[in-house]
Amino acid sequence: MPVFDGAPARPISVEQTYELRLYVAGQTPKSVLALANLRQICEQHLHGRYTIEVIDLIATPQLAQGDQILALPTLVRRLPEPIKKIIGDLSNTERVLVGLDLRVRA
Amino acid sequence: MSCHTRRVPLELSPRRELPKTLTGIRGFDEITRGGLPKDRPTLVCGGPGSGKTLLALTFLVNGALQFDEPGVLLTFEENAEEMASDVASLGFDLRTLIDKKQLAVDYVRVERGEIEETGEYDLEGLFVRLAFAIRSIGAKRVVLDTIESLFAGLKNDAILRSELRRLFTWLKQQGVTAVITGERGDGLLTRQGLEEYISDAVVLLDHRVYDQVSTRRLRVVKYRGSYHGTNEYPFLINADGISVLPVSSMALQHDAPLERVSSGIDHLDTMLSGQGFYRGSTILVSGTAGTGKTSLGVHFLDAACRRGERCLCFLFEESPQQLLRNMRSIGIDLEPWVTAGLLQFHADRPSRYGLETHLATMHTVVADFKPTVTVIDPVTNLMTVGTSGDVQAMLTRIIDHLKTENITAMMASLTPGHNAIERIDSTISSLMDTWIVLANEAVGGRHRRGLYVLKSRGMAHSNELHEFALTDHGLRMLHRTGEPDGRSNQYIPERVSRDAGV
Chain A
2 MPVFDGAPAR PISVEQTYEL RLYVAGQTPK SVLALANLRQ ICEQHLHGRY
52 TIEVIDLIAT PQLAQGDQIL ALPTLVRRLP EPIKKIIGDL SNTERVLVGL
102 DLRVRA
Chain B
187 MSCHTRRVPL ELSPRRELPK TLTGIRGFDE ITRGGLPKDR PTLVCGGPGS
237 GKTLLALTFL VNGALQFDEP GVLLTFEENA EEMASDVASL GFDLRTLIDK
287 KQLAVDYVRV ERGEIEETGE YDLEGLFVRL AFAIRSIGAK RVVLDTIESL
337 FAGLKNDAIL RSELRRLFTW LKQQGVTAVI TGERGDGLLT RQGLEEYISD
387 AVVLLDHRVY DQVSTRRLRV VKYRGSYHGT NEYPFLINAD GISVLPVSSM
437 ALQHDAPLER VSSGIDHLDT MLSGQGFYRG STILVSGTAG TGKTSLGVHF
487 LDAACRRGER CLCFLFEESP QQLLRNMRSI GIDLEPWVTA GLLQFHADRP
537 SRYGLETHLA TMHTVVADFK PTVTVIDPVT NLMTVGTSGD VQAMLTRIID
587 HLKTENITAM MASLTPGHNA IERIDSTISS LMDTWIVLAN EAVGGRHRRG
637 LYVLKSRGMA HSNELHEFAL TDHGLRMLHR TGEPDGRSNQ YIPERVSRDA
687 GV
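So the protein lines, in turn, are chains A and B.
Counted the way our numbering counts, the first sequence spans residues 2 to 107.
Counted the way our numbering counts, the second sequence spans residues 187 to 688.
Because the hints were derived from the structure by calculation, they are not lab data.
A few of these clues could be false.
[What the hints assert, rightly or not] Just some of the chain A residues that point at chain B, by a computed CB distance under 7 Å:
id : residue
1  : Arg22
2  : Ala26
3  : Ile56
4  : Leu58
5  : Ala60
6  : Pro62
7  : Gln69
8  : Ala72
9  : Gly89
10 : Asp90
11 : Ser92
12 : Asn93
13 : Val97
[Unchecked claim] The calculated label-pair distances, taken between Cβ atoms and stated as ranges, are:
id : chain 1 : residue 1 : chain 2 : residue 2 : range
14 : B       : Lys341    : A       : Val33     : 31 to 39 Å
15 : A       : Glu95     : B       : Gly361    : 43 to 51 Å
16 : B       : Ser400    : A       : Ala37     : 52 to 60 Å
17 : B       : Arg281    : A       : Val33     : 37 to 45 Å
18 : A       : Glu82     : B       : Thr355    : 36 to 44 Å
19 : A       : Thr29     : B       : Phe253    : 33 to 41 Å
20 : B       : Gly235    : A       : His46     : 22 to 30 Å
21 : A       : Leu80     : B       : Asp343    : 29 to 37 Å
22 : A       : Glu95     : B       : Asp343    : 21 to 29 Å
23 : A       : Glu95     : B       : Phe253    : 50 to 58 Å
[Stated by the list, open to error] Computed list of chain B residues with no C-beta within reach of chain A, every gap over 10 Å:
id : residue
24 : Gly411
25 : Leu510
26 : Ala526
Just so it is clear, CB atoms sit at the ideal spot from N, CA and C, and this is done for glycine as well.
I would like the entire structure built from these sequences, with the hints used as guidance.
What follows is the structure in structure tokens.
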């Protein structure tokens with residue numbers, strides 16, 4: 002696990018828009034939970050400056066290869082760069098925020 | 187059980203073996219009696235550089251090219267793009283296969299430690315990708331190389347393990363024959379214990395270096411519901427790809443042809459009940475240095491080529507050029523047969539490889555050239571690269587194979603000194619059908635050459651020692667006065683008769 006050495010790797014401006022993609026496969030309990038968790042976190046921390054695109058791989062399996070999706074659900078932060086990935090049902094808000102660079106790793 | 191049950195003799199009852207999928211890998215389909223279990227996953231494990239990926243890829247490429255079975259390669263290797271160029275050197279054109287929809291490749295990259303994990307997840311994404319690739323080309327074969335890489339990228343081992351179990355179960359339902367590669371682990375067949383999940387068939391590859399000589403070996407550790415060879419089999423990776431040696435056949439079941447082949451020397455044929463050797467038999471020619479072993483072999487080759495037979499000659503001492511030159515001095519020119527494509531030489535230094543590799547090479551050369559006559563000169567030089575036990579095992583395998591193919595083989599054996607004849611040759615003589623002993627003796631200021639048939643199974647052969655000379659018209663038998671003649675003579679040097687126990 003990378004060790005955080007003080008300051009965030011790169012400062013993120015307040016106006017920066019977050020382009021998020023959530024990969025799921027059908028309406029599984031995990032995917033429903035993940036989307037609900039994601040919406041809540043975004044509303045709370047990124048109000049008005051985020052987009053969420055949900056990609057159901059059952060309908061579009063060919064999209065899995067491009068973002069190197071293995072685990073589901075996977076949240077991909079496409080913008081701001083670099084691309085970040087968080088897997089799981091996003092139930093641990095703290096870790097999601099760290100993963101999105103919205104909070105410094107404790 | 188019903189009393190109406192028909193009793194079927196055991197040997198006549200139909201073999202209830204599972205359906206299999208041919209790999210097209212030379213030798214492998216023989217030791218597995220038909221290839222890998224059809225529609226089931228097989229684990230192929232081994233250390234780094236043991237040839238796992240190559241074996242798996244060959245399975246896919248052969249499937250596409252030989253059996254009209256498209257294949258999917260799901261690779262987790264970090265340098266997967268380089269793989270295409272690596273295997274191109276073995277004649278695999280992955281690009282073309284992909285373009286023709288005979289192969290689909292998905293490079294799976296797992297960013298090590300880069301992924302944040304929060305809460306429950308599964309590996310459905312992997313399933314989706316695999317299913318998509320299978321569907322896109324109607325794949326019948328799948329290779330996962332090397333799925334253990336997932337353990338480096340994802341932290342939750344418990345999820346990984348349950349998902350792998352699910353994956354292998356799922357694979358069985360897809361109607362695909364799968365090969366899963368795994369890195370050899372400490373005390374386990376694979377690092378992550380994949381053998382726990384894949385129980386249908388397990389193949390172990392090994393690459394050993396012993397005495398600075400490298401040998402690759404393959405073993406079928408497990409094959410549920412099927413007979414298989416349990417030995418370690420040497421295998422080769424060369425310009426033609428991978429080939430495994432089914433080195434010892436399951437039983438002594440060679441045909442015993444009655445056809446005879448000439449030794450190329452009329453008088454010797456006469457000594458062998460008038461008709462020469464049995465076709466498909468193995469002949470040992472032993473003697474000390476300079477007794478004419480090679481000359482005898484060359485006569486045999488020359489005669490076979492005259493009959494239009496294909497001949498293969500393994501040389502472990504001389505180069506083909508040396509042999510051709512030397513044999514011209516006794517009036518035998520083999521060059522035309524080489525030009526005509528009837529005779530092929532295969533010269534190697536014995537120390538160049540280990541015994542298994544020699545064996546594997548000889549096997550491959552025989553399979554490619556398809557000779558009916560083979561000469562190995564001298565077979566004893568191979569003893570320098572192994573113990574007598576190893577050499578005997580290897581010769582048994584070669585002879586087994588040659589007999590199965592009905593190839594008549596003559597092997598020259600160099601005996602270091604007079605007294606050692608029996609001892610040295612006893613390791614291999616029991617494998618031989620015919621044993622001809624050559625001996626030199628200086629008698630009355632003259633160097634005299636003698637020849638006798640020590641044994642020849644299945645025929646009434648001469649028991650006398652016959653004198654011969656190497657003339658510029660080849661090997662000629664002599665009678666007592668030293669003149670070329672077809673009759674036997676009484677030349678029996680004392681020492682030789684004692685050695686031979688006559």
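Outcome of the hint check:
1. Arg22: Nearest chain B Cβ about 13 Å off; hint violated.
2. Ala26: Given a least distance of 5 Å, the restraint on Ala26/A holds.
3. Ile56: violated (11 Å)
4. Leu58: holds (4 Å)
5. Ala60: Since chain B brings no Cβ nearer than about 10 Å to Ala60/A, farther than 7 Å, the hint is violated.
6. Pro62: Status holds, d = 4 Å.
7. Gln69: holds (5 Å)
8. Ala72: Holds: closest Cβ of chain B sits about 4 Å from Ala72/A, inside 7 Å.
9. Gly89: holds (4 Å)
10. Asp90: holds (4 Å)
11. Ser92: At about 4 Å, which falls below the 7 Å cut-off, the nearest Cβ of chain B leaves the hint on Ser92/A intact, so it holds.
12. Asn93: holds (4 Å)
13. Val97: Holds, about 6 Å.
14. Lys341/B with Val33/A: 31 to 39 Å: For Lys341/B and Val33/A the Cβ distance comes to about 24 Å; the hint is violated.
15. Glu95/A with Gly361/B: 43 to 51 Å: holds (45 Å)
16. Ser400/B with Ala37/A: 52 to 60 Å: holds (59 Å)
17. Arg281/B with Val33/A: 37 to 45 Å: Holds, at about 42 Å.
18. Glu82/A with Thr355/B: 36 to 44 Å: holds (39 Å)
19. Thr29/A with Phe253/B: 33 to 41 Å: At 38 Å between Cβs, range holds.
20. Gly235/B with His46/A: 22 to 30 Å: Roughly 49 Å apart at Cβ, these two residues miss the hinted range, so it is violated.
21. Leu80/A with Asp343/B: 29 to 37 Å: holds (33 Å)
22. Glu95/A with Asp343/B: 21 to 29 Å: Holds - the Cβ-Cβ distance for Glu95/A and Asp343/B, about 22 Å, lies within 21 to 29 Å.
23. Glu95/A with Phe253/B: 50 to 58 Å: holds (54 Å)
24. Gly411: holds (32 Å)
25. Leu510: Holds, because the least Cβ-Cβ distance between Leu510/B and chain A comes to about 59 Å, which exceeds 10 Å.
26. Ala526: Fine: 56 Å to the nearest Cβ keeps Ala526/B off the interface.
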